[in-house]
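Engineer: Chains as they are written, first to last, in my numbering: chain A, 2 to 545; chain B, 216 to 343; chain C, 5 to 332.
Check before you lean on any hint, since a few could be wrong.
Claimed, not checked - Under the rule of at most 30 Å between Cα atoms (straight-line distance), these lysine-lysine pairs were calculated in the DSBU-like manner:
{"#": "1", "chain 1": "A", "residue 1": "K457", "chain 2": "B", "residue 2": "K312"}
{"#": "2", "chain 1": "A", "residue 1": "K192", "chain 2": "C", "residue 2": "K208"}
{"#": "3", "chain 1": "B", "residue 1": "K312", "chain 2": "A", "residue 2": "K192"}
{"#": "4", "chain 1": "A", "residue 1": "K457", "chain 2": "B", "residue 2": "K314"}
{"#": "5", "chain 1": "A", "residue 1": "K58", "chain 2": "A", "residue 2": "K165"}
{"#": "6", "chain 1": "A", "residue 1": "K35", "chain 2": "A", "residue 2": "K307"}
{"#": "7", "chain 1": "A", "residue 1": "K35", "chain 2": "A", "residue 2": "K21"}
{"#": "8", "chain 1": "A", "residue 1": "K307", "chain 2": "A", "residue 2": "K165"}
{"#": "9", "chain 1": "A", "residue 1": "K58", "chain 2": "A", "residue 2": "K213"}
{"#": "10", "chain 1": "A", "residue 1": "K165", "chain 2": "A", "residue 2": "K492"}
{"#": "11", "chain 1": "A", "residue 1": "K58", "chain 2": "A", "residue 2": "K192"}
{"#": "12", "chain 1": "C", "residue 1": "K191", "chain 2": "C", "residue 2": "K208"}
{"#": "13", "chain 1": "A", "residue 1": "K254", "chain 2": "A", "residue 2": "K213"}
{"#": "14", "chain 1": "A", "residue 1": "K307", "chain 2": "A", "residue 2": "K254"}
{"#": "15", "chain 1": "A", "residue 1": "K58", "chain 2": "B", "residue 2": "K312"}
{"#": "16", "chain 1": "A", "residue 1": "K254", "chain 2": "C", "residue 2": "K208"}
Source of the hints: derived by calculation from the structure; they are not laboratory data.
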Amino acid sequence: MNSNNGNGRVWNTASGLHLKNFYAPEDVPESHRKHVAVPPGESPFHRGAYPTGYRTKPWRIFQLSGFGKPEDENERIRFLLEQGETGFIMEHDRNTGDHCYNVDHPDVVARREDVGLTGAVMQSVRDIDICMKDLPLATSYGHAGGAVVQHAPFALAGYWTVAKQRGVDLARLPGTGQSDFFLTYLGCVTKQQIPTRDGLRFNADIMEFCDKHLPRWVPVSIAGYNGADTGLNAYQELGALFANAVEYLEEIKRRNTMSLENAARACGGVNFRASMDLFEEASKMRAARLMWQQLLERRYGITNPKVANLRIHCVTAGSRMTYQQPLNNIVRGTVMALAAALGGVQSLGVSGYDEALSIPSEHAHQMSVRIQQILQEETNIQAVTDPLGGSYYVETLTAELVERAWEFFDEIMEQGGFLASLDSGWLHERAAENQSEDFRQQESGEQVIIGVTDHKDDVSPFDVDGFMGVDDAYDVALERLHEVRRTRYEKGASQALGALESVCRDGENIMPAMMDALAAEVTLGEIGDVYRSVFGDWATPIQT
Amino acid sequence: MSTAGKRILMAKTGLDGHWRGPTVVAKALRDAGFEVIMIGMARPEEVMQASIDEDVDLVGLNIGGHVDVAVRAIGMVRESRPEVPIFVGGVVPPHAKRKLEGLGVEVYPPGSQLPDIVAAAMRLTGAA
Amino acid sequence: MAVSQLSAQDTDQLLERARAGDRGALARLISVLERGGDAAASVERGLSSRGAGGYTVGITGAPGAGKSTLVNTLLGEALADAGRVALLAVDPTSPLSRGALLGDRVRMHSHAASSQVFIRSMASRGQLGGLAVATRSARRLLEACGWPLILIETVGVGQVELDVASTTDTVVVVLNPGWGDEVQANKAGLMEVADIFVINKADKAGLQATRRDLESALASLPAERRPAIVETVASEGRGAADLWAAIASHREAITLSGELASRRQQQLRAELHGLIDARLEAELDQLFASGAADTHLEAVAAGALDMAAAGDVLLRELCRRASAAIAG
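Full structure from sequences and hints, please.
Structural biologist: Next comes the structure, spelled out in C-alpha cells:
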C-alpha cells in the first residue's frame, strides 16, 4: 500500500478519489492502456481533439464581460480585444435578461440599482446594436449571451439580426450562445422561468435553426461549469453533462428534423470548470473527450471523427476565488488555467481576481488575459500536445474519472434522465451534499484555503475595493425603453409579438418568429410576458 | 437560553438565484435549532411584510447586487420592526461592507465560516 | 418584550390590537400560542367568547406533490372570492436539532406583500399528524380576527395525515400522476379524509391510470359522498379555478346538509382531546424530570415492583399533580 504518507493522512482528489503515493504501469487499468497509444486527434480523442494541438490552434482567450449601458459593455469588449482577447462574450444584465423583464417590471424597479451590475441592459435590438458597435463579427468569435435558457432565443436573434443588418452572411457567421440547463435549473434558478420541457424545446429549436441557417454557429453549449460551481464534483460534472447531451439528442431524434450527426456536432462544444486540483482537472478534460466518443459510438453509432471530437471551453472556478487577500487569486487563476491547458481545452476564460467582491474591474480583466498570454507565450506549453499523456498517474486518474462518471450518468438515467433529475431536485441534493462537505472540511482543517482558513490576515496591503460599474444604467435603459415604444412601428411590433405567441402555443420552431420579433423591435419584457402566459413557471425544487 | 423556537427570516435581496451559499447557511442554522423561514428573492416590502407576519427574531439578507437595494430593505424592516437585528451575507465588496456596518448591521462576506455565522445568530437572538 | 414574559393583560391588549387589524400583534399572538404555557392559555381564554366565523380548507399530500405551488394559485382564486385569505403552512421540525427549514413562502411570491393575504410558516415542533401543536388555536385566532377564509397546508410526511380532517372544513388531498400504488396502499385513509382529490402535475405521464385507480377506489361510495377529482398543473396555474369551484361546491353541500355543523362538533372534540393530551404530556414530562419516578423505576429494576403497578402509582400521582395545577 502506498496510499498513506508517514503520518496516516489519507490523500484524495478534490472529488474524493483515493490517491497513492506514486503510480506504476500496472495501475493504469487494462482497458484504458490501448487508448494511451492512440495519438491526439484520433478516436477516442482523449489525448486531444486535434493532432497538432496548440501549435496550429492556440486556445481562444474568451472572457465573460459586461456591465452598465450597452456602450459601457462595448467599450470593455473593445478594450479586451485590444489586450489580446481572441473572442468576445456579450453579457446581458441578469435582472432583466435572465427573467425576460423590462426595466419597468416591478421586480426590477424594486432593485433598480442592481440593473447593469452584471451585464449591459439590452431590451431591444437597438440596445444590442449599440453593444455590438464596431465589433469584428465576421472575423472574431462572438458569444451572444443568453446563458439562461428562456433568454437565449432573444439574445441570439438579437445578435443575428444586427449581424444581418450589417451585411454579414449568417451562413458564415461564427460564434456561440449558451442556453445552459445547469445554470438555469441547477446553479442559478431565476425567480420566474419556463419549465424544463419547454426549455428543451427552445434548445432543440435553436439547434434546428442553426442547422438550416447558421452552420458555423455552436447553438448550445452545455456548461458543466455551472453544475461544478454549485457543488458537483469532477466525475459528477462529467456524468451530468453527458446526461444533458443525451436529453438534447433524444429530443432531436424524436423530431427527426435534422441529422443526428449534425445534432451531435452541435452539442459537442461544451463548457467545463477548471478548479484547483491540478491533475484531477486536467484529467477531467481528457476523460470528457473519451466519454463523448464512447457515448456517440455506443448509444448512437456515430463514429465520424469530425463529430466525435469534443471541443471544450473552460472557465476557471469563480467559487474558488477568495474575498480575503484577493491578489492571491491571480495565482489561483494561473494554476486553474494551467490545468485547463494541460487538459487540452480549445478555449478558456479566467475568473477575475476580484470575482468574490464584484464583477471584474478593467485591471482584473486585463490580468485574466495576461495570465493566459504568459502561459501561451512564455512557458512553451503550446509546443507539445497532451503533455501529460502516458503519465501513469494521469492516465489512471482519467480512467477512474471515466468509470465514476458513467456510474453517475447511470444514476441520473435511473432518476428518469437529466430533466427529471432537475425537476425532482435530485441533482440539487447531490450538489448540496458536496457544499456541506466542503464547509465541514474547511472547519476540520482537511481543506485549506490560504487567506481564508489559514494564514489569515486582517489587513491586506493591496486593498481591492470591488468594481461597481456605472450608476446610470437603469435610467438610460428606462429612457430607451420609452423611446422604443414611442418610435417603433407599433402595428408591426404587435403583429410580430402575436405571431410569436401563436408559435409558442402551436409548437413550431420559435426562432423564425423570434427573428421577426427582434427585427420589429419587440422588447424583451413583452416576449417574457408571452412566455409567462404560455408556459407558466417552473416548479423549482429548491427553497432558497 | 437556547435556540428553541427562535425564528430567522432568510431573504435574497437581488434577482440573482445563486443558492450555494445561502442554502448551506440556512441548513447550519436549522441544525443549530433555529426555525429558518426562507422567502427566496424578495423585494424590500416583501422582506418587511414577512418579518412582521412571521414574527421573526432575526433577519438575514443575502445580497448579490448593489448595496443600496439591501439598504432599502434594511430601512423598511427597521421602520416596522426596529427591535429586530439584521445580518447580511453574500458578495459584499469592502465599501459596501463599511456602509452596512455603519448602519449597525453585521456582515459575513464570502469565506466566512459557518460556526461564526451560527454564533452570530445565537448572539443576536439572545440564544447565547 | 419576549413572548415568554407576557402577562394576561399584555395578551389581552395584543388580542385587541390584532382584532383591530394589527398584523404585528396577530403574528406575535401566534408565537405566544406556539410557545404554550400561561400566556397561551390566556390567549385561549380571550378567544373563547368569539364565534367561529371563518371557513377552513386543508391541503395535504406527500412531499413533492406540489402543495405550495398549488396553494399559491389557489390563493389567487380564493382572494377573488373571499376578499382576504390567511394561510398556515406547516413544515416538519428536525427531530435531532429541533430546528426547521420553512420554505413555503418561496412559492408564494405573487401574494408576498399583499395586505389581503396573511401567510404564516409554522414548524411542526414534534407534533405528528401533519400539523403543528398550535395550528388549531392559530386558526381560531385568525377567525377571531376576522379572516373569513383560512387555508392550512400540512407537513406532507408521505402518509395520510388524519389531523387535517379534524381541523378543517374541506380537505383537499393532492396526488400526482403515477401514484397508483400510493392510492392503493393508502386507500382507507384517503377515503376517510379526502373531500376533494387533486391530481396535480396533470401534464405528466400516468394521469389516466391514476385517475382510474382513484375512481375505482371511490366507486363503493354513494354518489353524493364521492369526492370530486380535479386535475391541475399548478406551475402554470391550470385547474386552479376548477379546484376553487369544487371547494365552493363542497362547502355549499355540507352547509346545506348540516354536515358542516357536525364536522365543527367533531373538530371541537378533537381539539379538546388534543389540548388535554398536550397538557397531560407536559405534566408527565415534568413528573419524570422531577425524579418522582426514580424510586419506582429502581423497584421495578430490582424486581420488587411490576411495571403495571408502577404505572398505577405514577398515574395517580400524575392526576393529583394535574388537579393541583388547575386549582393552583
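Engineer: Against each hint, give a clear statement of whether it holds in the structure.
Structural biologist: Taking the hints in turn, this is what the structure says about them:
Between the alpha carbons of K457 of chain A and K312 of chain B the distance comes to roughly 18 Å, so the proposed pair stays at or under 30 Å and holds. With a C-alpha separation of about 23 Å, the suggested pair K192 of chain A and K208 of chain C falls inside the 30 Å cut-off, and the hint holds. At most 30 Å may separate the alpha-carbon atoms for a hinted pair to count; K312 of chain B and K192 of chain A meet this at roughly 26 Å. A C-alpha spacing of about 23 Å is found between K457 of chain A and K314 of chain B, which places the hinted pair at or below 30 Å, so the restraint holds.
Distance hint between K58 of chain A and K165 of chain A is fulfilled; the C-alpha atoms sit about 28 Å from each other, no more than 30 Å. Between K35 of chain A and K307 of chain A the CA atoms are separated by roughly 21 Å; this keeps the pair inside 30 Å, and the hint holds. Restraint check for K35 of chain A and K21 of chain A: the C-alpha separation of about 23 Å stays at or below 30 Å, so the hint holds. Proximity of K307 of chain A to K165 of chain A is assessed by CA-CA distance (about 28 Å); at most 30 Å being required, the pair is judged to hold.
A hinted pair counts as satisfied when its Cα atoms are at most 30 Å apart, and K58 of chain A with K213 of chain A qualifies at roughly 27 Å. In summary, the hint linking K165 of chain A to K492 of chain A is supported, as the alpha carbons are separated by about 23 Å, within the 30 Å threshold. For a cut-off of 30 Å, the pair hint linking K58 of chain A to K192 of chain A is broken: about 41 Å separates their Cα positions. For a cut-off of 30 Å, the pair hint linking K191 of chain C to K208 of chain C stands: about 22 Å separates their Cα positions.
For the suggested pair K254 of chain A and K213 of chain A, the alpha carbons sit about 16 Å apart, so the restraint of at most 30 Å is met. Restraint check for K307 of chain A and K254 of chain A: the C-alpha separation of about 20 Å stays at or below 30 Å, so the hint holds. About 44 Å separates the Cα atoms of K58 of chain A and K312 of chain B, which puts this hinted pair outside 30 Å; it is violated. Simply put, K254 of chain A and K208 of chain C have alpha-carbon atoms about 21 Å apart, close enough for the 30 Å limit, and the pair holds.
In summary, the structure is inconsistent with hints 11, 15 from the numbered list given earlier, while agreeing with the others.
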